[in-house]
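K.L.:
One letter stands for each residue in the lines below.
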Amino acid sequence: MTEETKPFEPVIIGFTCNWCSYRAADMAGIARMKYAPNVRLIRLMCSGRLDPTFVFKAIAGGADGVLVSGCHPGDCHYSTQNYKAMRRFQLMKRVLTQMGLEPGRLKLLWASAAEGQMFANEITKFVEEVRALGPLNWNKAGAGIPVEVKEEVTA
Amino acid sequence: MSAEEKKPKERIGVYICHCGSNIAGVVNVAEVSKWASDNLADQGVVVSRDYKFMCSSLGQELIQKDIKEQKLTRVVVAACSPHLHERTFRNACKGAGLNPYLCELVSVREQDSWVHTDKAAATAKAKAIVAGGVARVIYHEPLEPLHVPIHPATLIVGGGIAGIQAALEIADAGFPVYLVEREPSIGGHMAQFDKTFPTLDCSACILTPKMVDVGNHPNITLLTWSEVQKVDGYVGNFAVTINKRARYVKTADCTGCGICWEKCPKKVIDDKFEAGLGYRKAVYTPFPQAVPKYPVVDDINCTYFQKGTCKACEKFCPTNAIDFAQKDEIITVEVGNIILATGWDLFDARRVPNYGYGRLANVFSNMEFERLSNSAGPTGGNIVLRDGKTTPKSVGIVHCVGSRDKNYNNYCSAICCMQSLKFAHLVHEKTGATVYNFYIDIRTPAKAYDEFYQRIIEEGTLFVRGKVAEITDAARNPGEEGKLIIQVEDTLVGKQRRIPVDMVILSSGLEPRAGSKELAKIFGISCSADGWYIERHPKLDPVATMTEGVYIAGCVQGPKDIPASVAQGAAAAARILGKIQQKEIALEPVRAIIIEEKCSGCRICNTLCPFNAILFHEDKMVSEVNPALCQGCGTCVAACPAGAITGTGFSNEQILSQIDGLLLLTLDKKKEAAVV
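Protein chains in written order, with our numbering: chain A, 709 to 863; chain B, 440 to 1115.
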């Protein structure tokens, strides 16, 4: 199969919080809702745990997009930490945009444990948005990033 | 990669579960298992297996055998969600002598096989997930759970039937209970009902003995006319601040004789207990069997508070128990566990304008009808129209008002079908009127419920299957003058019908209490989209919440009948008694730790912690995390500019290497890049 015939499959790393958004993903699974297979989730205890370094690492490592998800504002299991995540995310998005990253590759999503359907729909939507932006290839572009150049990570 | 080379290589066991065909039907588990041993050997994978049901005892023994024989130092299981079996596999490792926190469970079921249809893509994703888990587990460290003592006292918020049941169970077992209730008396909505289905027991007759037990119990501290303001602390050690509102009555002197409310000249419409149908006085107890027996002065309506005159109650009180200078009292209690049992509010049928409630006089709500039918109610138990004297000759009962309706509440309120059938029976019994029930479905699932339905049919109740479109007094046809006309499509006949009746009863649904969202925040728990409190697991753990030490019981978790509320109250009590008996509780060792040498004393972390778990040592100019207060959210870990804080269980090294693993950057260098 040549690259022209296969559609580009983005690889997206998602950070979810243990209490709401990870459980929303579980709920989508339990209800057998189908969504695009391009997102690989990491479980944090809280969206407030998200260190922007994680996002930079994901992008430098070859991810085409990053999803950050947590409890709805006001509903954080640890009371107010998702507000901190929200502030960090905004700052991080600005920094990355100034470095040349399309803002559409980063998404902040609030999901409660009961919103499995919404989570699945949002993932599918985000995958299409990143697909339209095309591969990021920052892992190939930069010098000094010690990553093997290999075939695109496609399915 | 270089950090990994410095560490001696771990010996990792990888186990992929088939989960029957749940995983194996979509993900090629044998391929993933082989791929792991072929491509992750440099990471340390020494054994990689796939098995039908890893959570079974045979599956667990597989892991334990390998730990012993292969001298494994880390274990990765790719199976269902960690929320289901993380503890299972951790215990399996512990049984074989490996620290349970050196085991990682990654989900390839809820996150992969159950949500994707493309088998190749699902298998590729499973490989990435396994690689992520392997990369992460290398940086896991052996951890020990923290043990904290459990305070034997329990706080129960809400004095309805669920709260009462829980209070009695815990108190009877010998442990202290604080029961906080917002109204002047306990009893909740159940005290308002006339008869309860399906037995037609008098509601007050079965409730009041329990209320009296609560009032007399040596282990229960009853705090009525009180509200919780603040909760500090954590499971086993909560400090709760409660506002005991001023009753303006000295309870030490009050005998409950009732002279004060007899003499009080100010009548107020009782929109709480009497559902707006009757009156109370400005100094009152909500109903005669109130527990405690002490009245309260309603300072919004009382003539003394409004104008400075009257004071009749004070004049006539034989024990001088009225005290207009009384103030609210703020107290703090220490408890180990909390139960929230705050109940429900009635759906306001005025929101459905086509039903005419609030506009057409003889349209009644279900709670209004309960008070009409109750012999202690404003009409002495006579079912009469709004004029207070006319007995209706025909009554229509409308099911599902505000429930099962996308315009209002989408859920079913669980009790209204049985309630509507009960109303039909009471109307027949007391008035002999013709009764119509307008229903969508008849929901009578519990014990003796369907038999009750059959009895109501035999009594001659007329059932019309259709959602009522309109209730109007605009007569069009002969025979409709002066009546309420119910316009409905009779779906079993396939015709529109206009049925004239004298009285309509609306079975309004149940809603979460107003203010319940704010109350949930005080306790650190969440509400679902509908507003009911969220349980830890909808099937297997309906009384616990995501917050350790906080439980929910009764309708606060979702609409349910009295037997189910009692069962939940008892379940929450049993759970708490189990914890109290163990005297201490083991907390998950997911915590933040500040590395003193790296801390520069900038104190950015101090203000970020919502649990006030970070102290600052002025003498050493460093911060320190109190491990008992720390809940492990990790916000300070992410915020520290010096990287001086690590999170046990979710450290930077663990997550950064998991990212590498998920992006397949950790594969053996010698292998082909053809990963998929």
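Don't read these hints as lab results, they were simulated from the structure.
None of the values given here were measured: they were computed from a predicted structure.
Errors might be hidden in some of the hints.
[What the hints assert, rightly or not] Now the in silico label distances, taken between C-beta atoms and shown as ranges:
no., chain 1, residue 1, chain 2, residue 2, range
1, B, Leu497, A, Lys714, 38 to 46 Å
2, A, Thr805, B, Arg1042, 25 to 33 Å
3, A, Leu799, B, Glu1036, 25 to 33 Å
4, A, Lys714, B, Glu580, 17 to 25 Å
5, B, Ala678, A, Val803, 36 to 44 Å
6, B, Asn530, A, Pro811, 39 to 47 Å
7, B, Glu928, A, Thr805, 38 to 46 Å
8, B, Leu585, A, Arg795, 24 to 32 Å
[What the hints assert, rightly or not] Not close to chain A: a few residues of chain B, all C-beta gaps over 12 Å, as computed:
no., residue
9, Ala469
10, Ala565
11, Glu1036
12, Ile1098
All C-beta atoms, glycine included, are put in the ideal place defined by N, C-alpha and C.
K.L.:
Each of the hints needs a verdict: does it hold here or not?
P.N.:
Quick rundown of the hints versus the structure:
no., hint, in the structure
1, Leu497/B <-> Lys714/A: 38 to 46 Å, "42 Å, holds"
2, Thr805/A <-> Arg1042/B: 25 to 33 Å, "30 Å, holds"
3, Leu799/A <-> Glu1036/B: 25 to 33 Å, "28 Å, holds"
4, Lys714/A <-> Glu580/B: 17 to 25 Å, "42 Å, violated"
5, Ala678/B <-> Val803/A: 36 to 44 Å, "41 Å, holds"
6, Asn530/B <-> Pro811/A: 39 to 47 Å, "45 Å, holds"
7, Glu928/B <-> Thr805/A: 38 to 46 Å, "57 Å, violated"
8, Leu585/B <-> Arg795/A: 24 to 32 Å, "30 Å, holds"
9, Ala469, "19 Å, holds"
10, Ala565, "10 Å, violated"
11, Glu1036, "20 Å, holds"
12, Ile1098, "5 Å, violated"
Checked against the numbered hints given earlier, this structure breaks hints 4, 7, 10 and 12; the rest are met.
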